[in-house]
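Participant: Reconstruct the complex from the two isolated chains, following the hints.
Protein chains in written order, with numbering that gives the first Met the number 0: chain A, 0 to 297; chain B, 0 to 276.
Zero decoy hints are in this set.
BS3-like, lysine-lysine: derived pairs with alpha carbons at most 27 Å apart:
1. B:LYS222 x B:LYS238
2. A:LYS12 x B:LYS101
3. A:LYS196 x B:LYS3
4. A:LYS12 x B:LYS192
5. B:LYS192 x B:LYS101
6. B:LYS39 x A:LYS152
7. B:LYS67 x B:LYS222
8. A:LYS231 x B:LYS238
9. A:LYS231 x A:LYS152
10. A:LYS231 x B:LYS222
11. B:LYS39 x B:LYS67
12. B:LYS238 x B:LYS39
13. A:LYS196 x A:LYS185
14. A:LYS73 x A:LYS231
15. A:LYS152 x B:LYS238
16. A:LYS152 x A:LYS73
17. B:LYS67 x B:LYS238
18. B:LYS133 x B:LYS222
19. B:LYS192 x A:LYS185
The set of hints was computed from the structure by calculation and includes no laboratory data.
Letter by letter, the chains look like this.
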Amino acid sequence: MKSTVGSYGNRRKLAGFLFVLPVVLYFALLYYLPLVTSFQYSFLEVLPKQQTRFAGLQTYRWVLADPLFWTSVKNTAVFTLISATAIVLVGLLVSITIHNLSGQGLRDVYTVFYVLPTLVSFAAAGPIWEWIFHSQFGLANLVLSFLGIPGLKYLNDSVQVIPSLSVINLWVRSGFAVLILSAGLKSIPDSYFEAAKVDGAVGLRLHFSITIPLLLPQIGVISLLEVIFGFKVFDVVYVTTSGGPATSSYMLLFYFYDNAFRFYRQDRASVIAVLMFFALLMFSILQRRIVRGRRYEL
Amino acid sequence: MSFKIRTLQRAAVIVLLSLGAIIFVVPVFWTVTTSFKTPKEIMTVPPTLLPNSFSYLGNYHEVFERAKFGRILLNTFVLGVTAVCVSLVVASMAGYGFAKFKFPLREVFFFAVIGVLMVPFHSVAVPLFIYLEKVNLVDTFLGLLLPLVISAFGVLLMREGISSIPDDYIDAARIDGCSELRIFWNVVMPMIKPSLAALAIIKFMWTWNEFFWPLLVITTPAKAVVTLGISYFTNFHFKEYHLIMAAATLSMLPLFLLFAVLRRWMIQALTGTGLKA
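So here's chain B without its partners, still in its complex pose (with noise of 0.2 Å):
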């Protein structure tokens, strides 16, 4: 009897997870089938589970033509490769000094850094634009690159990877005259690859989705970043919600694919900004 009761509620608990799983997974199977409908096709009673035919790509056309969207999946995925490279160098740059050097003003710096964390990014946007039209970078790569580049997050993740690496193999390199550069990137670097690649993760996916910053710099649907593409095919009216999924599909789909190739790394990665974020 007992043995029954326990089977049927093992059975109940699986059905009640599977159904939230399917809850949380619809979204994406409608997004991504949605935008191989046609707009005719989209606005049915009862709608259609799956498109008519998967090889109807109009919408996609469209996105590309209108919205350059080749364009700005590129800008994008050179904002998010640039945003990795230069933190991966210079927050690791800091994370070492943090962790193995004692020097004059550290405990000030280290809490600057902490205090970064505190800081609200929308307390500092105002100024920051300002500052930045002052030098004319409004509307340019480089100016919404420039806050979106090094976070305090990656100082503390680097910080605490070079953190366990023994002081005996940075005293043995620098014994055999190694100098303090040379350390850094031939003996540290290649030692904290874990925490490079859980940045790296990181820094892709926040630049890839980010959306106040680009919104406030950017003006020219050239230089824009696919975040604010989505946008581009509401107007005040209407929303064109067979375009507007085709480019929300795109704009997922290379985060799905890290996520494939990468699940591990990337849900070991995505749990460690929960805790220090």
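The shape of chain A in the complex, shown without the other chains (with noise of 0.2 Å):
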């Protein structure tokens, strides 16, 4: 009888590992093995013909050495402080205000009109913005127009270009957020609000003093998503400016991108590769601690 148990149990450990077998088989193959093969490739020297030589620190010296390197870490890191702040900011404005808003109906339409846009991909909202942002044709310029301020250059401008790619990401981003703040309000008892009205906090001190403490955990997730979004940017960078004007919004995935596919230096590329990897784990990690009741011990 003992032994059928026994068997019993086997039989089940089999059967649980073998649920879970092909999706890490899977992951093996397609994202530990070849990153694996990136941090080797990082050690390594391309040389012609194909070969390589074991170069140690060699690349990475070269990369960290590289101005342009640092040109594109500016550059994202730039493009990343604007769009998080913008979109925490942008977020936390319409989340609160469609909330307060009295009737569910009303809250449904609004957020469906500042959602829509996430569904957007990158490689579509480049173009439509590039077409509004168009110096002749331009939505924009016609409405600053109408405001009597003079036109602005947005992507083909050094300056402009930055924050004008910010304003593409709000757009497509800012969704995202107002669904995740406007699920932490709703999470919020009415009490909180109603005694702290009591005691006579109103408009923008009520916020202050009550929502937005209580809105900080899902503050915390948005802010760290979107630097580690804002930290891969590329599509919307790749179908606007490629990098331009000169090099004003190269960014690093842009770097890493060249030297992969257009100067075909695999080590270069894999250098960033591991550095990347590095510091969006650190990211990671940190997005893991502030998500609150979620843990994932078993």
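Facilitator: This is the structure we're talking about:
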């Protein structure tokens, strides 16, 4: 009798193992193996005729001494900072305002408006906004001319280009922030607001002393998600400026892409891949810490 | 007095919120209307608010003719549906395994799955491309599909959904003599329909909008997906915006339709990705 119980238990163990096996093999082959290869490549030097030689930290030194690398880091950091801040602010403003509307129907309608662009790919959003930013026929400058403001150059100007890209990013990504913050707002009991109102807190003060502190976990999640996302910005730059004018919107992933697929310097691309891996690992671990109530212990 | 101020305040809030909503929707409106304008019409100052005639389909005609956009839309659709189907089955199998079984190495495997969320795809893209080159999968549907088909997010989502199923249901089926595979398919799967729907929506959307990986692996226009298709109207010297706007409209349309039909589901799924992905 005992042995049948044992074999039954073993069969269940086997079943569980087999259920997760496909996914584990998949990630091993498509993520972890290439990740190891990336690390390997980063210590090699690419010679003519596709030969390689161990180079130690030489490629790291080369990349870290390349001014273009630092330009791309700086551009990416500026883009990320502007984008993440703008998205958090717009998200807070919109979600709190929507939350205070009376009537579920009205709230739903406004939510739809703000969430709609979230469905648009950056490959589409890029040219859509390029057309809006068009110096002669664009909507943006038309609106400015009504207000008596001279037209801007947006993506064609080395100073305006990164803020302009952030606008496109804001347009696509704000919907996520609105949704996450709205979910957070719904989870705050009304009694908190009532109590604050009784104490005399109204309007902005109510939000600064009650709403925003209670939303801090969501704000934290959004900030980190957007930092991670901004770090990896590529699509929207690729379809609009290609890093220009000159190198004023040249991003980290552009540096990576050019090295890997235009200059055929896999070693240099791998160095960036490794550096990015560690940077994002740090952010992801932070993010996981912040997401409250989600613990992955089994 | 105070009542008046509050009414004014409320009106101001509605006006600002509406203004913001308009700013968010105008780019979509502008894209769709531009796609019905002739190349000449889009270059008028000031621009016409609505196209002279919505029956001008010349841009769409040209998009379908020149870039084989019908083929491109079909490719993307097939890619999306395949990724959805495969990930629904494989991710829920794994989710089931992690949620309801104990076996050696479980913690290690689970950590490995979470770890994938922290690996930026770009960190593995170059070696992955080189592997695919070795097995002649560059510029093929399979090569395009492979890294997009399963996401760690899906596994975690399914694990969470399945965790909430009471063990009694599973044990009852086991006592009835069901095989483990049948329990998974006939007992577990029907009980996690909301999670399956959320994963299906998100997976389809992600695959539909994916740009980076197709850009690397696909070189033949006939094998392209819609995100690449939009860029086929950009030449080195100029951009044919009347065509780009038609292509962009076509690229947005399926997800907008999906959103119109499944709004609540989609909002829920999108909220979930923000908190988990």
